[in-house]
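S.K.: Each chain is listed here by its residues.
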Amino acid sequence: MGLSDKWQIVAESVRGTAHVRSGLPNQDAVAFYPPPLAASDGHKRLWAKTGSLALLAVSDGHGSPRCFRSARGAALAVQTAIEETRILLRKGLKGVPAPSRKKEIEQRLPFRLVRSWRNAIEQDLRANPFTEPELASVNPNNPFTAYGATLLLAAVDRDFAFFLQLGDGDMVVVSGSPPVSYEPIDRDASLIANETHSLCQDKAASLCRFRYYCFSCKDDRPALILVSTDGYSNSFSTRTGFLQAAPDFLRFALETTPDELHQKLGTWLQETSENGSGDDATLGLIYRGGGNKL
Amino acid sequence: MDRPGGALAKRPLQFIWIVDCSGSMCGKKIDSLNNAIREAIPPMRDTADQNPNAEVLVRVLTFSRGVQWQVSQPTEIHAFNWTDMQADGMTPMGSALEKVADALKVENMPERGLPPVLVLISDGQPTDDIERGLAALKAQPWGIKAVRIAIAIGDDADLGVLQKFIDNTEIKPLQAQNVQDLVTMIRWASTVPLKAASNPSSKLTSSGTANVVLPTPPPTPTNAQTIDPSSVF
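Line by line, the protein sequences are chains A and B. Everything in the first sequence is counted per numbering that gives the first Met the number 0, starting at 0 for the first residue and increasing by one. Everything in the second sequence is counted per numbering that gives the first Met the number 0, starting at 0 for the first residue and increasing by one.
Among the hints, a few may not be true.
As the list claims (entries may be wrong) - Straight-line distance between alpha carbons at most 20 Å, and here's what the computed SDA-like set of lysine to any residue pairs gives: (1) A/202 / B/204; (2) B/163 / B/174; (3) B/104 / A/5; (4) A/5 / A/49; (5) B/104 / A/189; (6) B/137 / A/111.
Calculated from the structure, these hints are not laboratory results.
Same shape as in the complex, but just chain A:
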């Protein structure tokens, strides 16, 4: 396939048509590391490239009446996830031999992510206490519910990749030659009818699902990783139709620039939500470019 050694990251998030109709904001969020390149044309760019660690986090704020600050909760979820993961990998695992890395990450990261998110929520609440009307909807047993959100995280470096998922949403990997698509984390069959696990739940860390891969050679590295909220996958009539999106994205990514891909991504997400679930749709890609023009 002639893939580059560098990771490129492109992401976009669109407000669902159902949210437009009901006047709700986009309650999804996305963030990645390294951060987006500065835009010279004044437009916001949501893409970056790196030769080493790449991180991508996506979150879906629940949006129900009890979760009235979930857009903020999702934004804080992706920010804290990127920061905590970066710190753990760059500092916390210093000196940990490669064979022990998986166990260390699996044991430490979920607790750090949940703790960090809750700290951020508490800080947000100190700066913006619940208003009088909001207090009527606050869950008295768990004020974090107001900020309830999911979290999906993909991390990839030269010799490993891992995936962490709390709640609904999807991750797909394309790798090998010829390229094969697979879901690194098995789907949770208990999550039906819009139900989801959440960062706001008690014992949220124990609800995280995790998968780690070690690469013995360069060719083992994924060609593309797709991370998306359920508003995207729920828009396809079949699961097969959704899974087909990942290799389609890879083909297009290899033929174009990140800027062009980013522009197209926004259009495609809008079209997908409009003609599908109507929910907010957020999608991020980490992929090895084909030595294309940047």
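Starting from the structure of chain A, add chain B where the hints point.
M.R.: Coordinates of chain B only, in the frame set by chain A:
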């Protein structure tokens, strides 16, 4: 380059009428029910049209002399028409709920479906093992997550059983004492829960019950001074 991925589609939302057609429903009750549901179809279609991202699919199950699907295949609301039911026989409500539970098995439901809406209408006491039917419904994940509404017709309906079917203390059985009440209740039950269930917002796990938030039902019963005495059940 075409849009990545396969064909797009709205999310399916199954709506199931579960109707008591036992002998006690004979006469005014079944006639009113037939008319009320027929009149509720245009508002149901309007409600469905207001959310173009949900595909409302209707089925009808009756219980009297046995349990029968009158509309067995989930039918798109714009293609759905009501066929008048006849009243006769017993009230095998338990068997009816077992049949609904079968339809809601994971393998029979669309994975990406919205919470189904179940509307149970009855005027009497179950004549079979209702606990078995309720247990079968609660054994199915889609049964637990379904929005369950019950309409009691007249004074003889078993409100306790209907409340067990609803399984949510915040929602009470709707009580129709006359024709006007029944029209109001059926119209509410066929549109408001539909709108609530088609909302794409997420719900937290662990509640163990349906967690679609429903607005307050219409007041009941209708003011006695405004009703036609001949319409009372």
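S.K.: Take the hints in turn and mark each one as holding or not.
M.R.: Here is what the structure says about each hint:
For a cut-off of 20 Å, the pair hint linking residue 202 of chain A to residue 204 of chain B stands: about 12 Å separates their Cα positions. Distance hint between residue 163 of chain B and residue 174 of chain B is fulfilled; the C-alpha atoms sit about 15 Å from each other, no more than 20 Å. Restraint check for residue 104 of chain B and residue 5 of chain A: the C-alpha separation of about 46 Å exceeds 20 Å, so the hint is violated. The straight-line distance between the Cα atoms of residue 5 of chain A and residue 49 of chain A is roughly 6 Å, inside the 20 Å bound, and the hint therefore holds.
Under the criterion of a C-alpha separation no larger than 20 Å, the hint pairing residue 104 of chain B with residue 189 of chain A is consistent with the structure, at around 13 Å. For the hint pairing residue 137 of chain B with residue 111 of chain A, the CA-to-CA distance comes to about 37 Å; that exceeds 20 Å, so the pair is violated.
Violated hints, in rising order: 3, 6; the structure is consistent with all others.
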